[in-house]
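Student: Chains as they are written, first to last, in our numbering: chain A, 1 to 87; chain B, 1001 to 1230.
Derived by calculation from the structure, the hints in this document are not laboratory data. Any given hint might turn out to be false.
Said to hold, decoys possible - With a straight-line cut-off of 20 Å between C-alpha atoms, the simulated SDA-like cross-links for lysine to any residue are:
1) A:60 to B:1064
2) A:2 to B:1060
3) A:60 to B:1177
4) A:2 to B:1065
5) A:2 to A:30
6) A:60 to A:4
7) A:2 to B:1064
8) A:2 to B:1178
9) A:60 to B:1174
10) A:60 to A:32
11) A:60 to B:1061
12) A:60 to B:1170
13) A:60 to B:1060
14) A:60 to B:1172
15) A:2 to B:1172
16) A:2 to A:51
17) A:60 to A:40
Unchecked claim - Computed, partial: chain B to chain A, Cβ under 7 Å:
18) 1014
19) 1018
20) 1046
21) 1047
22) 1049
23) 1050
24) 1068
25) 1072
26) 1073
27) 1141
28) 1155
Cβ coordinates follow ideal geometry from the N, Cα and C atoms, glycine included.
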Amino acid sequence: MKLLRMKPGHGEIVLAEGDVEVPEQERQLIEAFRRQLDAGMWAAVPTQAPGGRREAELVKSFSEVPRDAERVIFFPRAAGGAPAAKR
Amino acid sequence: MALSLGTAALVLVALLWELSRPTRQLARTRLRELWRLRSSAEQPAAYDPGRERRAEQRARELLRSCVSEHDWAMYRDLGFLCVAGALRGERARAHAPAHAREPGAAGADGEEPAYAYLIYPHKPIVAYVPATGELLNEYCVAFPDHTRPYGSARLPDSDDVLAKWMALSADERRLVGEANMHLPGRQVDPDRVRRDLARLARWEREQRERRVRPARDLLDAHDSTSVRAA
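Please model the entire structure based on the sequences and the hints provided.
Tutor: The structure is reproduced here in structure tokens:
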């Protein structure tokens, strides 16, 4: 599993990578996951429905992440109000 | 008496002023140095078009790996994504026009959703009715990264689109709740949206034709072979 974070001026960065079946690596993943949530990030897991439809799932704790998920993507939480657009 | 005391006081002040001169100079130098360090730390990293381009390239790859092939092609060709609305209940009924609220109106499971969203990079999400092209609302939402790693809180364009897509796909109600809702035309030009909807319809038609063409060619080839054999 990879924990990725979207970053301005960079694109995504890999925060942590490991096998959830290996306790030590899972602990590191959980710690990195918590740090991001503490920093106010939202976490999403891209998924594929049985019909092939692509979706995403927002998760609030590491236990909600499917064990077979390949990636968890962190991004800044939504804030209402975009800057005024120039037409 | 008063005159002599006053004079003594003045001399004392002058003496102290002179004695403290080195200390004051040192303090002034330190303050200047601190100010310089603080200014340089606050100064945003210089804009680097190469870095921004590479960031956008990475973001596009990430978006491509998360959405379907059809959605990726749409974004690549048109510059926006179209996502079917899936909200049910009061909120959806409140937002959708009367004909979309009628029982039996197509929903997320049907061929055509009752309403859908257009996701633009760094612009509000626009809700509309696919059946009529009627614009419903603008949802102003942003994903500012306050750590400003390179002096800007803005995600690359494709990351912004992906963040909106993930949030809408995962929890439409939550994203809509976080956004500021406005009537159409507040930030996105309605004429532009209508043009985009026309482009989208044309693009969808072309995609359908592209999918149908190989099958038709195969049938034609089969027919001509049969005729020749007869």
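Student: Could you check the structure against the hints above and give me the numbers of any it violates, in ascending order?
Tutor: Hints 1, 8, 11, 13, 15, 16, 18, 19, 20, 21, 22, 23, 25, 26 not satisfied by this model.
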